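Student: The chain contents come next:
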Amino acid sequence: MIDINLLPPQEVLSKKTAQLRYQLTIGATVGGAALAIFFGLLFSLDRLGQNRLNTLLAQRQNLGARFDADTNKLELLLSLKDKIIGIKKVQQVRPDLSLAVSKLNTFSVDGVAITALNIGSEGTLVYSVTVRDDQALAAYLTKLESDMGRAFFKNLTITGLQLGQGNSFSFSVAAQFDKTKL
Amino acid sequence: MQIKPSNIDLVKVKAYFPFIVLAAVLFGEILVLAFYFPNKIFSLLEIRVKIDQLSGEVKQLENAEQSLSQVNDQDLNSTLAKATVALPDEKRVTGVITGLVNLASASGVIVKSIEFSPGRISTKVGSPSGTPVVSSREIEIGDRVLAVPANMSVNSSLVQILSYLSKLQTSGPLLGVTALNYSLSGSAPGGTISLLVYYLPNREGKPGWEFIPTISPDEIATLGKLPSSDIFRLPSVPH
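Protein sequence lines, in the order shown, are assigned to chains A and B.
Remember, my numbering sits 33 above the position in the first sequence when you count from 1.
Remember, my numbering sits 993 above the position in the second sequence when you count from 1.
Source of the hints: derived by calculation from the structure; they are not laboratory data.
Owing to the predicted nature of the structure, the values given are computational and were not obtained by experimental measurement.
Among the hints, erroneous ones may be present.
Unchecked claim - Each pair of labels, with its calculated beta carbon distance range:
(1) B/N1065 with A/N87: 35 to 45 Å
(2) A/E108 with B/S1209: 14 to 24 Å
(3) A/L81 with B/R1137: 46 to 56 Å
(4) A/D167 with B/A1214: 51 to 61 Å
(5) B/P1011 with A/L90: 44 to 54 Å
(6) B/S1209 with A/L194: 51 to 61 Å
(7) A/S205 with B/T1091: 29 to 39 Å
(8) B/T1091 with A/N200: 46 to 56 Å
(9) B/S1060 with A/A69: 48 to 58 Å
(10) A/I70 with B/S1048: 21 to 31 Å
(11) A/L90 with B/A1008: 56 to 66 Å
(12) A/A69 with B/A1008: 25 to 35 Å
(13) A/L189 with B/T1091: 32 to 42 Å
Here a beta-carbon is modelled for each residue, glycine too, at the ideal position from N, C-alpha and C.
With these hints in hand, go ahead and build the complete structure from the sequences.
Tutor: Structure, rendered in structure tokens:
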């Protein structure tokens, strides 16, 4: 169907103008209303956020003040924790020569005396021995050669065997011991 | 009637006035959308971040306070006192010297001299020359633990020295005997004992509440295994 506008041109223009004004009015009103709602929402959120922030700040300040009163206790607790960790560490790494020396003592036989001893935590052992007679010497060497002796001494060397006064002997023993097997 | 040009302009202005107002309103709304709202939303997001951050801090503080309130003061002080004997806060040389000498006497060992940080401080036992101060020549052990090396010159039989070594190893403070040189020759039997005296310097600065340590039953058991000693002077608990 063909539209034939029979209205005079001025009236057509006036109708278009009214339509445009109507659209603009609707747009501005809807936009304004939406902006108002959005603005109200943001304002409410802002107020709520600020209130929550202030509450939390007060709470934190209060807790912080109470916590400051307990700082000494915390220092002691931290110190204790550090010490426990440190004690465990020292217990892991500290050398224990008393065990090595006690082990060395188990090889002692009657008539044998250690006259000099150098022992280090890195596992070195050098000592001088005097023995009363050949029987004591045999007994001592047998002990050193035993399974227990072989388990303790590594690279054992006996040097400087000398005949002393009477039937006595003296010699030096150099060896290494496995400190992990003490 | 003759229409004047000025009257024509007024009519036009009147006709366009609503359009101008509406366009201005729309333009204003767009301006608000473009400038005010983004700033406001950004500010709200900032508040949100601050709230999250503060909430976390408050929760941590509450937990920290609760954890601390569960710690018994008396238990803490007594346990710490024992731990401090084992691992002092400072290089308490005077206390260690006294302890070493007393322990030696109990084993029948005569201490001739004690030298801390060899080459730096030498203390002749029996002729004290003021309070010794150890210079920095300590060894780092790990976990912030430091050790001061010391040499002791002793006179005694080997059996007594061995007994002394055992006592040193099980004494209150943690000591590590690193070497023993003994000789029967000379005017009197004796030798030197090299040892390490361990200590743990205190942390510097005020502690924060971000980390509240807990002591496990295993750790309490570790402390329970430590020997108690009344020979070594008990260092005071820091307050």
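Student: Give a verdict on every hint.
Tutor: Tested hints:
At roughly 36 Å, the beta-carbon separation of B/N1065 and A/N87 lies within the given 35 to 45 Å, and the hint holds. Between A/E108 and B/S1209 the CB atoms are about 20 Å apart, so this pair conforms to the stated range of 14 to 24 Å. Under the hint 46 to 56 Å, the C-beta atoms of A/L81 and B/R1137, about 48 Å apart, fit the expected range. The hinted window of 51 to 61 Å between A/D167 and B/A1214 holds, with their beta carbons roughly 53 Å apart.
Distance hint check for B/P1011 and A/L90: the Cβ-Cβ separation is about 51 Å, which falls inside the suggested range of 44 to 54 Å. At roughly 56 Å, the beta carbons of B/S1209 and A/L194 sit within the given window of 51 to 61 Å. Distance hint check: the CB atoms of A/S205 and B/T1091 are about 37 Å apart, consistent with the given range 29 to 39 Å. In this structure the supplied range 46 to 56 Å holds for B/T1091 paired with A/N200, their Cβ-Cβ distance being about 47 Å.
As the Cβ distance of B/S1060 to A/A69 is approximately 50 Å, the hint placing it in 48 to 58 Å holds. Here the CB-CB span from A/I70 to B/S1048 is close to 29 Å, well matched to the stated 21 to 31 Å. As the Cβ distance of A/L90 to B/A1008 is approximately 58 Å, the hint placing it in 56 to 66 Å holds. For the pair A/A69 and B/A1008, the beta carbons lie near 29 Å from each other, so the given range of 25 to 35 Å is met.
For the pair A/L189 and B/T1091, the beta carbons lie near 40 Å from each other, so the given range of 32 to 42 Å is met.
Hint compliance for this structure: every hint is met.
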